[in-house]
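Engineer: Given the coordinates of chain U, work out where chain V should sit on it, guided by the hints.
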Amino acid sequence: MNNQNISEKSGSSRRSLLTWFSGAALAGSAAISALANFVFMKPRATYGQPSRYSIGRPDDFPSGTRVSLDQRRVCVVREGSKLAVISTICTHLGCTVGVSDTGFACPCHGSRYDQDGNVVGGPAPKSLTWYQVSLAPNGDLEVDTNNAVSQGTYYNL
Amino acid sequence: MKLALAIASAIILIIHGIVFYDQFFHQWERHQTAYFDQARTQARNDAERAELAGRSPKIEQIIVTQFGENRVDRCSTCHLAIDDPRFKDHFEPLKTHPYSAALGDVQRNGHWERRHKFNDFGCTVCHDGQGRGLEAAYAHGEDEHWNDPLTGYITQAAWRKDFQPHLKGKEYMEANCAQCHTEENFAGTPHVNRGRQLFFQTNCYGCHKIDGLSEGTLAPELTEAGHKFKIDYLWESIVEPRANLATSFMPKFNLNDEDVKSLVIFLKSRRGVNYAETSLARYRAKLSPAKAEITPEAALGLAAKTPSARAADLASQGKQLFEDRACAACHKLGDKDGGIAPDLSFEGSLKDEEWLREHFRTPRSRVPDSIMPAFRFSDADFAALTAYLESGHPPQNLPSDGAEIFKTLCSRCHGEKGDGLGKTAFYLDPAPRDLTKVAFMNSKPEERFLRSIKDGVPGTSMPAWGKVLSEAQTQTVLRYVKTAFVKEPQRALKEHTNVPAANPNPSSRDSIAQGERLFLQRCAGCHGLKADGKGPNSIDIVPRPRNLRNRWFVNNLSDHRALASILYGVQGTAMPSWIDYGFTMKDAGDLLNYIRSLNPAPRPADKQLASLTSGTH
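So the sequence lines, in the order shown, correspond to chains U and V. Just so you know, we're using our numbering here: the first sequence kicks off at 1 and counts up by one. Just so you know, we're using our numbering here: the second sequence kicks off at 1001 and counts up by one.
Hints are computed from structural coordinates only; laboratory data are not their basis. Source: prediction; values computed, not measured. Any given hint might turn out to be false.
[Stated by the list, open to error] 30 angstroms max Cα-Cα, derived BS3-like pairs, lysine-lysine: (1) K1482/V to K82/U; (2) K1228/V to K1117/V; (3) K1407/V to K1454/V; (4) K42/U to K1058/V; (5) K1467/V to K1437/V; (6) K1407/V to K1482/V.
Next up, chain U with everything else stripped away, as it sits in the complex:
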């Protein structure tokens, strides 16, 4: 009788340990699956143009250059040893803005920007973005469209 009691007691504690362990393991699995679901929500890669790309050598853009790279939808501006890359995507509805001596002009709805990309007219709500520029180890200029810099931040060659 006594013996049985003891064995029942130890048995019940062993059983409760197993129950606790099973519960913890299943909860852990559920947590991992849920986490995985959340991580999967964000695509790891999309099929756009890469956000980092090289635009060529600094020599390709002599001082005074103000040139639009239509493929990349950016404008490269160089003054002396200072260089900047300004987005040419209109902040209104995403047309490619044209580059002129006085600044930028959007052909779609007539938004106008000054030379630094500040809005001077039209429906555009924000000024044009400036992208971060760096010199890659192979000597190419590299633009990172994921990193915006504040207006007037030039890269010093």
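Structural biologist: Then chain V, alone, in the frame of chain U:
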């Protein structure tokens, strides 16, 4: 029960853990972290260090739109340092892609500048492999189901072990260079150029078709060979033609490894469409009637030879041609034996010049079922080859012993045991006669065999041995065949005396129509609807039913023999005795008229045409 539950949940947790780890912790992330760390130590200023610190591992990809279908090349996800010259002595995957002046890279202001920028070209355009892959094994195409593994670097596990060492090397990438650099003698692709040369030199073009290069129809088309086949398969097909298809009659060319490699690279470069031309341009080229004809001479850069060269020169030219163009890959001459096509040792004595020239130009004109391709040699080359075959191979000291004669002249086709299974037998159509078939051998008179040996059998590969053997030698060899192979003594021949020497039924439109009706009813099952001996039943029949459109054979066939064969059958073959099925002499006559009507004698106009086209010298 609870224990089982606990174990099961533990297993589930472990599986979830493994899947999670596998999906979210990648080798490429470790490579990228390593790159950032190393680059930070080499950074020149704080800005660079800050910029590197701001970067975290992510999938790098180049989207290539200019070369065929859009490519997504994620190679730089692991190979992050390809364009970073500081890593040129590093180990893969973090190693700078080498700069090479041969690829057009130039050095300016101490910096190398690439001719083929990764932004524009991606990686797989040159290297192959699976651009989207993020695991080394998949990305490099090690998977057996990926057709183009990293060219010249990766050999798949399923490839043949003995070929694998041959299939590595940068030169295999030339096949990809040639997708844009299609110029015929582009200096950057020596192996492709050599392969193209070999394609003509070793007469591949005679059988294989490649759009724009060759028109052969005997063998599989190779226009898209590079697209369809792996280099392992291409190598195997050249080195061991029968490895994949036991019935292939492609000869073994015995090329050296370097030449095989060149051919493989050349074939790998044939993809049907290449990047240098748009599909529209290709369509236009196909439509335009003025198709650029590339002659083998032009491809090989051979100067046209004057046919007025002296006979000895001609013969030596012919010898050179014979060797250069791999004739011995099929034929036998001297100690070289391809084991596919007839022995040419006595060809000059056996065949006259007209036969040779006509046969060269269109091999099927004389042996209608020959598998020899029509090679586009110039007339001067044919003349040289003819001169070579006719020179210097006199039938010198042929043995007088029957067994020896048989061994030298007959056994290559009829087999050493006379069973019609010599080494070339498989490729000859009609097949060599099985001389051990007693029923046939004993049902024909001796004169017929003697005549076959002496005069040959027109329309087949049996030559007229009478031109090199004396009457006595002919008799000896026939006696040898009879004693060694037939073995049974000659029985009394059935003389079909009621069969007239000439067709008693004059040819007329009605007779031919009646013959055709009968033929379709009774004969087409074996001889085929087209009377070409390829009826549905022919597959199971040995010897094969005659091709009754073989002009040279049929026109040489006497009425008597044809009528006797129809009415009384041919013993030892599947041809039954049709008189047992109610055929009358008139039926046989109608049939013969029909068969003759299929094989008109060459009209004078044809002869004129032939003399116009054959040799102008």
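Engineer: Hints first: check each against the structure and report whether it holds.
Structural biologist: Hints, verified against the model:
1. K1482/V to K82/U: This hinted pair is violated, its Cα atoms lying about 103 angstroms apart.
2. K1228/V to K1117/V: Cα-Cα ~28 angstroms, so holds.
3. K1407/V to K1454/V: Roughly 17 angstroms separates the two Cα atoms, so the pair holds.
4. K42/U to K1058/V: Holds, at about 13 angstroms.
5. K1467/V to K1437/V: holds, 27 angstroms
6. K1407/V to K1482/V: Since the Cα atoms of K1407/V and K1482/V sit roughly 15 angstroms apart, the hinted pair holds (cutoff 30 angstroms).
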